[in-house]
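Chemist: Protein sequences, first through last, are from chains A and B. Take the first sequence: its letters are residues 2 to 154, numbered as in our numbering. Take the second sequence: its letters are residues 890 to 1091, numbered as in our numbering.
Worth flagging that the hints you see were computed from the coordinates, not collected in a lab. The model shown is predicted, which means the values in this text are computed figures rather than measured ones. Be a bit skeptical, because a hint or two may be false.
Claimed, not checked - Distance condition first, Cα-Cα at most 16 Å in a straight line; then the derived EDC-like pairs of lysine to aspartate or glutamate:
#  : chain 1 : residue 1 : chain 2 : residue 2
1  : A       : K45       : A       : E28
2  : A       : K146      : B       : D935
3  : A       : K63       : A       : D150
4  : B       : K899      : A       : D21
5  : B       : K900      : A       : E116
6  : B       : K899      : A       : E117
7  : A       : K64       : A       : D17
8  : B       : K900      : A       : D17
9  : A       : K10       : A       : D150
10 : A       : K63       : A       : D17
11 : B       : K900      : A       : E91
12 : B       : K974      : B       : D1029
13 : B       : K998      : B       : D1087
14 : B       : K918      : A       : E116
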Amino acid sequence: MPYVGIIIKICRAYTDTEEDFQDYYQEVCLQIWNSRENFKEESKWSTWIYRISLNVCMSLLKKRKKKQVRSSDYIDEENIPDIENSFQDESLQLLYTAIRQLSELDRAIILLYLEENPNKEIASIIGTTPNNIGVRITRIKKQLKKLLDGKIY
Amino acid sequence: MERSIENIWKKGFEAEKKLSAPTITNLYKRKSGLVIQQINSTTKKDNLSLIPVGVIIFGILVFMDKVILGTYVAILITGLYFLNKRMLKKLETLNIRDNTYNYLLNYRKTIKNITSYTTWLMGLGFPLVAIPAYWMFFQDTKIMDSFKQLDLVVEILIISGLAVVLSVLGILLYRLSTKIVYGNLLSSLENILEDMEDLMKS
């Protein structure tokens, strides 16, 4: 499947456990498959894949957060994140850990930025202006730098 | 010197071997699970609704001083409830550990069997149980007295006509109610199966 890397990178940024990652990945693939007939030639395939993947991941994360709030009285030992196993590259792993601490929208923006999408493209996926994206990227990068301070050399 | 996040990202993914896609083994498992769960819960609720309906009809008929007819209808509705319950158990006995596609195929087949059995029941059974009910309802009334004065052939023709009308009405009502209550759920099930077949072909 083409663009599989995009889906994996996005799903990893929105999940803490391998089990969640598998669930999110399957759901994204399912949504892409179900919406394949709605794809319009006016946008690029990659833009469309980004849009669906981010929408699915953000909505699944929101649902999960709601569930967690409801069951916050209980300590579920099985749900303790096993984030250290996501990537072999230690620096990349640390970067992902930092990205996961950002808000849902900021995660989307930084992922699109790191994937070298121009601000105009990011703005069209997120639904805002390129100027706004530029400002947000600067802020997010500062935030990430703070989170990674002294951890990566 | 501290590395930039752009650099970490680029170099990290260049060396990353874990970027292979997970196998999509159960792509439709959760999706179909939700539809099956909804169908099962709707069939249970649908069947359970027969009990209050039976009680209400019994109450109305007792109020109208038709105790025997009320008891007859209540027994029939209770019987239908238990019959449905028995049929719906078949859905639960399907092997859920089977692969999703086979499970859904078996599920659809069982649903179709239940639907065709119930259609047959409504077509044949409904007039068979409704005519005696009419008889009991109109007993000792002027309508029944004038009916009894008719020629036997005419009586048979009227009863047969009534039976046909009730049969058609029963089937139509059943199909309509099935479409209203289960239409969307069953078409979701069909769509999932179609998608899975498409996926297997491609």
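Chemist: Each of the hints needs a verdict: does it hold here or not?
Modeler: Each hint, compared with the structure:
1. A:K45 / A:E28: 21 Å, violated
2. A:K146 / B:D935: 58 Å, violated
3. A:K63 / A:D150: 28 Å, violated
4. B:K899 / A:D21: 25 Å, violated
5. B:K900 / A:E116: Holds, because 12 Å separates the two Cα atoms, which is no more than 16 Å.
6. B:K899 / A:E117: 10 Å, holds
7. A:K64 / A:D17: 15 Å, holds
8. B:K900 / A:D17: 22 Å, violated
9. A:K10 / A:D150: 23 Å, violated
10. A:K63 / A:D17: The hint holds at about 14 Å.
11. B:K900 / A:E91: Distance of about 11 Å is within 16 Å: holds.
12. B:K974 / B:D1029: Cα-Cα ~37 Å, so violated.
13. B:K998 / B:D1087: Distance ~20 Å between K998 of chain B and D1087 of chain B Cα, so the pair is violated.
14. B:K918 / A:E116: Measuring from Cα to Cα gives roughly 31 Å; hence the hint is violated.
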